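Peer 1: These are the residues of each chain, in order.
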Amino acid sequence: MADTPLLELDQVDKSFGGLRVIADLDLVVNEHEIVSVIGPNGAGKTTLFNLITGLYHPDSGEIRLDGRNLVGLQPHVITGLGIARTFQTLRLFLNMTVKENVMAAQYGHTKVGVLRSMVKTPAARREEKEIHRRAEEKLSFFGDRLMGYRWDQFAYSLSYANRRRLEIARAMATEPRLLLLDEPAAGMNPNETHEITGLIGKLREQGRYTILVIEHDMHVVEGISDRVVALDHGVKIAEGSFEAVATDERVIEAYLGLRAAETK
Amino acid sequence: MNWSLFFDLTVSGLTLGSLYALIALGYSMVYGILKLLNFAHGDVYMIGAFIGWFALHALGGPVNPDFAGAAVLVVMFLTAMIGCGILGVAIERFAYRPLRNAPRIAPLISALGVSIFLQNSALLVFGAQFRDYQTFSLIGVKTYSIGNLFFSVPQLLTIVSATCLMIALTVFVARSRLGKAMRSTAYDREAASMMGIDVDRVISVTFFIGSALAGAAGVMFGLVFGQIYHFMGFLAGLKGFTAAVIGGIGSIPGAMIGGLVVGLAESYATGYLPQGSTFQNLYVFALLILVILIRPSGLLGTAVVQKA
Amino acid sequence: MSPDDGIPGSAEAAGAPRIGVDEWVASVEGKSERYTGVRGVALREWDRLPAPARVFLCVGLAALFPLVTSDGNVFRYGLFTLVYGLLAIGLNVVVGFAGLLDLGYIAFFGFGAYTYGILASPQYNNHWQAAAAIPVVIVATGMLGFLVGLPSRRLVGDYLAIATLFFGQAFYVFVNNANRIKFPFFGHTNLTGGSNGIAGIEPFNFFGYKVQGTRGLYYLLLISIAIVLIFLFAVHDSRTGRAWRALREDPLAAEAMSIPVNRLKLLAFVFGAAVAGFTGAIYATIATAALPGDYNVGLLITIYAIMILGGFGSMMGIFVGAIIVSSVPELLRSSANARPLFYGVILIALIVKLRPWRRFVLEIGALVAFGFAVHAIAAGVYPRLVHGHSIGNDFFARGLDHWLLFPERTKNMVDVAYIILVAAIVILPQLGRIWRAVLLPPLLYLLIFVWENLLLVQINGATRLILLGALLVALMIARPQGLFGKAYVEIV
Chain A
1 MADTPLLELD
11 QVDKSFGGLR
21 VIADLDLVVN
31 EHEIVSVIGP
41 NGAGKTTLFN
51 LITGLYHPDS
61 GEIRLDGRNL
71 VGLQPHVITG
81 LGIARTFQTL
91 RLFLNMTVKE
101 NVMAAQYGHT
111 KVGVLRSMVK
121 TPAARREEKE
131 IHRRAEEKLS
141 FFGDRLMGYR
151 WDQFAYSLSY
161 ANRRRLEIAR
171 AMATEPRLLL
181 LDEPAAGMNP
191 NETHEITGLI
201 GKLREQGRYT
211 ILVIEHDMHV
221 VEGISDRVVA
231 LDHGVKIAEG
241 SFEAVATDER
251 VIEAYLGLRA
261 AETK
Chain B
1 MNWSLFFDLT
11 VSGLTLGSLY
21 ALIALGYSMV
31 YGILKLLNFA
41 HGDVYMIGAF
51 IGWFALHALG
61 GPVNPDFAGA
71 AVLVVMFLTA
81 MIGCGILGVA
91 IERFAYRPLR
101 NAPRIAPLIS
111 ALGVSIFLQN
121 SALLVFGAQF
131 RDYQTFSLIG
141 VKTYSIGNLF
151 FSVPQLLTIV
161 SATCLMIALT
171 VFVARSRLGK
181 AMRSTAYDRE
191 AASMMGIDVD
201 RVISVTFFIG
211 SALAGAAGVM
221 FGLVFGQIYH
231 FMGFLAGLKG
241 FTAAVIGGIG
251 SIPGAMIGGL
261 VVGLAESYAT
271 GYLPQGSTFQ
281 NLYVFALLIL
291 VILIRPSGLL
301 GTAVVQKA
Chain C
1 MSPDDGIPGS
11 AEAAGAPRIG
21 VDEWVASVEG
31 KSERYTGVRG
41 VALREWDRLP
51 APARVFLCVG
61 LAALFPLVTS
71 DGNVFRYGLF
81 TLVYGLLAIG
91 LNVVVGFAGL
101 LDLGYIAFFG
111 FGAYTYGILA
121 SPQYNNHWQA
131 AAAIPVVIVA
141 TGMLGFLVGL
151 PSRRLVGDYL
161 AIATLFFGQA
171 FYVFVNNANR
181 IKFPFFGHTN
191 LTGGSNGIAG
201 IEPFNFFGYK
211 VQGTRGLYYL
221 LLISIAIVLI
231 FLFAVHDSRT
241 GRAWRALRED
251 PLAAEAMSIP
261 VNRLKLLAFV
271 FGAAVAGFTG
281 AIYATIATAA
291 LPGDYNVGLL
301 ITIYAIMILG
311 GFGSMMGIFV
321 GAIIVSSVPE
331 LLRSSANARP
341 LFYGVILIAL
351 IVKLRPWRRF
361 VLEIGALVAF
371 GFAVHAIAAG
381 VYPRLVHGHS
391 IGNDFFARGL
401 DHWLLFPERT
411 KNMVDVAYII
421 LVAAIVILPQ
431 LGRIWRAVLL
441 PPLLYLLIFV
451 WENLLLVQIN
461 GATRLILLGA
471 LLVALMIARP
481 QGLFGKAYVE
491 IV
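Protein chains in written order, with the working numbering: chain A, 1 to 264; chain B, 1 to 308; chain C, 1 to 492.
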């Protein structure tokens with residue numbers, strides 16, 4: 001592995017009015033790794049994502065991408081540096097088409113300004129073509145789920161599972177190095193869950209992304225993770241292989257309980 | 001420094017501030033519960049001033065009232081408050097309730113429509129001319145003084161009754177069952193309705209109270225400044241909302257403090273700043289921008305945490 | 001929902017993956033294909049046309065207008081429709097694309113007019129060429145938009161609305177009084193002409209060719225609209241346009257997707273302001289003057305009504321909106337036109353609302369009978385109620401005299417009737433079905449009574465804005481997306 005990890009959280013702390021949501025958290029994600037974050041509801045998992053992507057600022061501590069401190073940067077700048085996320089609650093641009101959703105997310109690494117696109121200079125046309133090409137490339141990643149006639153459908157007309165897929169495609173369109181997936185399998189049926197498990201593996205192998213994922217479904221976590229981090233009340237209570245974390249007493253006590261036995 | 005000018009400005013600032021605070025309360029309460037900017041609120045205030053005028057003339061007019069001055073005043077306030085309250089409830093029922101699940105911009109446009117409708121209805125029915133309350137004939141020209149502060153009777157009346165109304169409102173919201181229901185609805189409408197609170201009723205009551213306060217402010221304006229006209233609600237509404245924003249929107253004490261701040265600022269600007277009497281509105285606008293830049297959540301508001 | 005009790009996928013049954021297609025999705029698919037016949041074909045073909053073709057089709061049609069009618073009509077109906085239309089197109093960038101409620105928009109329009117007035121009028125002894133003045137106006141207004149947007153970008157939705165509304169008011173106060181300002185260092189300068197405004201503004205002068213006269217101005221506006229529309233269509237489907245729409249949909253998600261939301265908000269503001277400023281310069285040459293009273297809230301409402309009627313985000317719908325909102329009030333100016341319009345709209349509304357036909361016939365019959373009964377009783381009991389006359393002397397007006405009450409010199413009674421009418425319209429939808437059916441004829445009678453006795457009399461005064469206000473409310477309740485807009489899906 002490289003000397004500097006891709007993402008590094010160093011003593012990160014965040015409270016909302018007295019309530020400590022993330023407490024002195026250290027976390028390392030290495031290049032080309034898939035790390036899962038698990039923990040009961042309210043453990044601070046989504047807050048962790050919000051801190052990494054700059055929607056919240058930590059009260060203390062440092063968040064580094066490739067050694068560069070991200071604290072204080074605006075979210076769009078952080079995304080531009082190579083971190084993209086999906087939303088657990090699904091926040092697609094509903095009244096835009098599937099393709100436009102993915103095209104809009106390429107704003108950060110395209111250049112043509114409003115005046116040049118107004119008069120459609122050759123450079124603007126070229127870039128527009130490139131945006132289309134990249135959007136199609138990202139959408140083709142999901143087999144034929146988001147292809148063909150679906151390009152011009154509005155995002156609101158997609159099914160739940162396809163919305164999750166489009167969220168991932170949109171995040172991919174920002175050309176990230178690190179993908180943060182917030183419960184990618186939530187609300188999916190067993191077949192779809194199975195498919196998404198395979199997809200996350202494919203994202204790493206073919207897309208060459210490093211992936212940090214929040215997930216509740218232990219089958220998915222077991223299937224994809226190189227490493228698992230368990231949070232409870234903002235504190236890291238266990239870290240290691242899925243086997244090690246799933247059998248860790250504190251984790252079972254805090255969260256897994258019956259579910260752990262079920263998984264075995 | 002000319003202290004007597006300062007004291008005069010303070011008194012008129014306090015008077016104006018009481019008016020703005022009453023208007024701001026309506027904005028703030030409605031915004032707290034519906035997250036809706038009720039553009040028509042300023043025009044409800046204007047209608048209140050007209051209802052007061054008609055009540056005054058129904059009772060024999062300012063020069064020769066049928067009853068004692070005090071009784072006439074009470075009737076004016078009551079009719080204006082009840083009339084405006086009903087008007088507010090009707091506006092909510094007709095123009096806002098059908099739009100509760102519409103895109104956020106729809107109720108704002110609807111509110112704009114109601115505002116322009118009320119304004120021009122008043123123009124149609126009441127005409128373009130100014131109407132005069134002739135307050136001096138009704139309650140005399142006596143002034144009272146507290147230290148160096150000289151109050152005319154209408155000014156004193158405005159400040160005292162506005163204070164009473166605000167105290168009553170605070171007690172109502174803090175203590176009564178409906179007040180508690182209002183607070184919980186403002187906190188989380190969905191959860192409140194699941195707890196068995198009749199949210200529609202709470203919203204109606206909120207509109208009634210807010211509009212009634214605006215109606216009272218309308219009558220006070222008539223008493224203090226004499227002349228009322230169909231367009232008076234526009235600027236007053238703007239400043240009322242400014243007061244609500246400065247105080248922290250959604251906060252009741254914030255609206256009161258914001259009202260006083262705007263009233264005093266306007267009054268001092270008129271007296272001390274260059275071209276003050278012409279540009280006092282510009283100075284209030286500058287104050288609004290300043291507060292928004294420095295403290296967007298207002299003086300007493302709490303910062304909203306973004307939900308991701 | 002725990003992941004184990006998910007919906008059994010149809011995959012097992014069919015063998016082929018059908019994951020992700022549920023009934024609702026299937027029902028949405030093919031919705032646009034549902035329209036059949038001429039209307040369906042026309043709609044689909046229209047959608048298939050490239051944007052410039054659509055623009056040229058509309059502009060081409062509009063270009064024929066001066067050929068078929070008189071100069072006076074072109075001036076009354078054409079010029080103002082186009083000015084309002086161009087304004088609404090610019091506003092649509094701010095509100096429709098980027099989702100920012102800008103209520104100070106008219107101030108930019110006024111600023112453009114004043115700036116051009118200062119650059120090209122004898123009052124300031126400047127006589128700039130249009131080729132130089134127009135870019136200066138556009139850039140200056142854009143910069144003002146930037147300044148206004150600067151604090152506003154920190155404001156969420158409604159705060160922005162109030163701050164900009166206040167700005168519009170501040171602009172009005174400023175131009176109305178700026179002749180009295182004493183500037184430090186410069187001393188007294190008459191910047192705006194105060195309440196007298198700027199008079200004698202010169203027409204656009206393109207290297208000696210002056211654009212003036214009704215027809216010249218009409219075509220100037222038409223060309224400007226075509227250019228602005230083609231530019232905007234290009235922007236709409238560009239990187240910036242997509243980013244605007246994304247931030248309208250969900251600012252937080254847009255920010256997380258590498259879109260600098262604040263900068264784009266500012267850009268939208270500047271863009272809208274620039275279009276408004278440009279329109280203002282044209283308007284100044286039409287009016288040959290810039291007066292503070294021209295840039296008021298009434299105009300703001302008019303522009304909003306046009307944009308909303310056309311449909312948020314739909315640029316071509318704005319054309320129709322502009323024609324309706326600006327021409328109809330012009331038509332209303334004479335009672336000969338106003339009557340057929342009013343009764344026509346009422347009739348159409350009743351025909352659409354009252355189904356089946358039986359109900360419609362019954363209600364109208366009841367209305368006619370009610371009218372004659374009221375008239376007969378009033379004539380017997382209190383004849384002063386029928387002593388007045390309707391406006392006009394045609395067959396219809398004389399007929400009304402025998403059916404409708406026309407009280408003599410009793411303005412109070414008409415005012416009260418108006419208030420009762422408004423109250424009744426608010427109350428009626430709250431009642432049960434039977435009551436609604438029973439009370440409809442008296443309500444209609446009251447409506448006609450108020451219309452004939454008050455609204456028609458004041459047709460050049462408050463009526464226009466009353467109708468506009470009512471139209472906005474009714475439109476929001478009935479069809480929030482406007483006539484040609486696409487229904488929005490919003491998760492609240």
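One thing to keep in mind: the hints can contain errors.
As the list claims (entries may be wrong) - To spell it out: a stretch of chain A is covered by chain C in this simulated footprint if at least three of its residues, at any positions, have a beta carbon under 8 Å from a beta carbon of chain C; those stretches are:
#1 25-37
#2 114-128
#3 241-252
To be verified - Using C-beta positions, here's what the derived DEER-type ranges look like:
#4 B/Y144 x C/I434: 53 to 63 Å
#5 A/K129 x B/A286: 45 to 55 Å
#6 A/D152 x B/R104: 37 to 47 Å
#7 B/S176 x C/A437: 33 to 43 Å
#8 B/R104 x C/F146: 19 to 29 Å
#9 B/T170 x A/D13: 33 to 43 Å
#10 C/N126 x A/D66: 54 to 64 Å
#11 B/A286 x C/G208: 54 to 64 Å
#12 B/A286 x C/A437: 53 to 63 Å
#13 A/D13 x C/A423: 27 to 37 Å
#14 C/I434 x A/G18: 53 to 63 Å
#15 C/G293 x B/A286: 22 to 32 Å
#16 B/G69 x C/N412: 45 to 55 Å
As the list claims (entries may be wrong) - Some chain A residues flagged as far from chain C (calculated, every beta-carbon gap over 10 Å):
#17 R85
#18 Q106
#19 E205
Because the hints were derived from the structure by calculation, they are not lab data. Just so it is clear, the structure is predicted and the values come from calculations on it, not from any experiment. C-beta atoms are modelled at their ideal positions from N, C-alpha and C, and glycine is treated no differently.
Peer 1: Each hint needs a verdict: does it hold in this structure or not?
Peer 2: Cross-check of the supplied hints:
{"no.": "1", "hint": "25-37", "in the structure": "violated (count 0)"}
{"no.": "2", "hint": "114-128", "in the structure": "holds (count 8)"}
{"no.": "3", "hint": "241-252", "in the structure": "violated (count 0)"}
{"no.": "4", "hint": "B/Y144 x C/I434: 53 to 63 Å", "in the structure": "holds (60 Å)"}
{"no.": "5", "hint": "A/K129 x B/A286: 45 to 55 Å", "in the structure": "holds (48 Å)"}
{"no.": "6", "hint": "A/D152 x B/R104: 37 to 47 Å", "in the structure": "violated (27 Å)"}
{"no.": "7", "hint": "B/S176 x C/A437: 33 to 43 Å", "in the structure": "holds (41 Å)"}
{"no.": "8", "hint": "B/R104 x C/F146: 19 to 29 Å", "in the structure": "holds (25 Å)"}
{"no.": "9", "hint": "B/T170 x A/D13: 33 to 43 Å", "in the structure": "holds (38 Å)"}
{"no.": "10", "hint": "C/N126 x A/D66: 54 to 64 Å", "in the structure": "holds (58 Å)"}
{"no.": "11", "hint": "B/A286 x C/G208: 54 to 64 Å", "in the structure": "violated (45 Å)"}
{"no.": "12", "hint": "B/A286 x C/A437: 53 to 63 Å", "in the structure": "holds (56 Å)"}
{"no.": "13", "hint": "A/D13 x C/A423: 27 to 37 Å", "in the structure": "violated (60 Å)"}
{"no.": "14", "hint": "C/I434 x A/G18: 53 to 63 Å", "in the structure": "holds (59 Å)"}
{"no.": "15", "hint": "C/G293 x B/A286: 22 to 32 Å", "in the structure": "holds (24 Å)"}
{"no.": "16", "hint": "B/G69 x C/N412: 45 to 55 Å", "in the structure": "violated (26 Å)"}
{"no.": "17", "hint": "R85", "in the structure": "violated (6 Å)"}
{"no.": "18", "hint": "Q106", "in the structure": "violated (8 Å)"}
{"no.": "19", "hint": "E205", "in the structure": "holds (21 Å)"}
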